[in-house]
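If you read the sequences in order, they're chains A and B.
Remember, my numbering sits 98 above the position in the first sequence when you count from 1.
Remember, my numbering sits 98 above the position in the second sequence when you count from 1.
To be clear, the hints were calculated from the coordinates, so they are not data collected in a lab.
As the structure is a prediction and not an experimental result, all values here were calculated from the model.
Treat the hints with caution; some may be incorrect.
Straight-line C-alpha distance at most 27 Å; calculated BS3-like pairs for lysine-lysine [said to hold, decoys possible]:
hint: 1; chain 1: A; residue 1: 178; chain 2: B; residue 2: 180
hint: 2; chain 1: B; residue 1: 128; chain 2: B; residue 2: 180
hint: 3; chain 1: A; residue 1: 128; chain 2: A; residue 2: 178
hint: 4; chain 1: A; residue 1: 128; chain 2: B; residue 2: 180
hint: 5; chain 1: A; residue 1: 128; chain 2: A; residue 2: 180
hint: 6; chain 1: B; residue 1: 178; chain 2: A; residue 2: 178
hint: 7; chain 1: A; residue 1: 180; chain 2: B; residue 2: 178
hint: 8; chain 1: A; residue 1: 178; chain 2: B; residue 2: 128
hint: 9; chain 1: A; residue 1: 180; chain 2: B; residue 2: 128
hint: 10; chain 1: B; residue 1: 178; chain 2: A; residue 2: 128
hint: 11; chain 1: A; residue 1: 128; chain 2: B; residue 2: 128
hint: 12; chain 1: B; residue 1: 178; chain 2: B; residue 2: 128
Distance windows between CB atoms, simulated [to be verified]:
hint: 13; chain 1: B; residue 1: 104; chain 2: A; residue 2: 103; range: 19 to 29 Å
hint: 14; chain 1: A; residue 1: 154; chain 2: B; residue 2: 126; range: 31 to 41 Å
hint: 15; chain 1: B; residue 1: 180; chain 2: A; residue 2: 122; range: 22 to 32 Å
hint: 16; chain 1: B; residue 1: 180; chain 2: A; residue 2: 158; range: 36 to 46 Å
hint: 17; chain 1: A; residue 1: 125; chain 2: B; residue 2: 139; range: 12 to 22 Å
hint: 18; chain 1: B; residue 1: 125; chain 2: A; residue 2: 180; range: 24 to 34 Å
hint: 19; chain 1: B; residue 1: 154; chain 2: A; residue 2: 127; range: 32 to 42 Å
hint: 20; chain 1: A; residue 1: 176; chain 2: B; residue 2: 156; range: 35 to 45 Å
hint: 21; chain 1: B; residue 1: 173; chain 2: A; residue 2: 125; range: 21 to 31 Å
All residues carry an ideal CB built from backbone N, CA and C; glycine is no exception.
Number of protein chains: 2
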Amino acid sequence: MDTITITGYIAGALTTISFIPQVARAWNLKETRDLSLAMLVLFAFGILLWTLYGLWMASPPIVAANAITFLLVLALLVMKVKYH
Amino acid sequence: MDTITITGYIAGALTTISFIPQVARAWNLKETRDLSLAMLVLFAFGILLWTLYGLWMASPPIVAANAITFLLVLALLVMKVKYH
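Take these sequences, add in the hints, and give me the full structure.
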């Protein structure tokens, strides 16, 4: 695997993993007041398009990172609606 | 411009723009308790690496989106530390 692809995987791992402490925080606090609903909705749509872009660019790091991130953002959206 | 690049730009625009209502919310509420500090730090590092990946992949959508997102996440990080 070349340096470019490895960098992409590390970048994808970081931006994806970053949502885990955010999901955990929302889950533990049962509070999402400071999270912006508009942010979550726009971000979720964007992440779906990034996944499509990654498929077209034949970039496994982009596809993998965004597919998992989408699920984590979906969890935040559900909690944002539930704990509002 | 081809469909792939246009999709990338729309994806980048959405995930980047999504941080604007989040920055606005933190600014207006002067509250960032529900935002995870670990999330912001990991995300900022990841975004920097995505920018590098975009440069190497010669992908203007990835570079543009991530460079701007980095500045918005930086603003959130400053407010997270300040309003904590």
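List of violated hint numbers, smallest to largest: none
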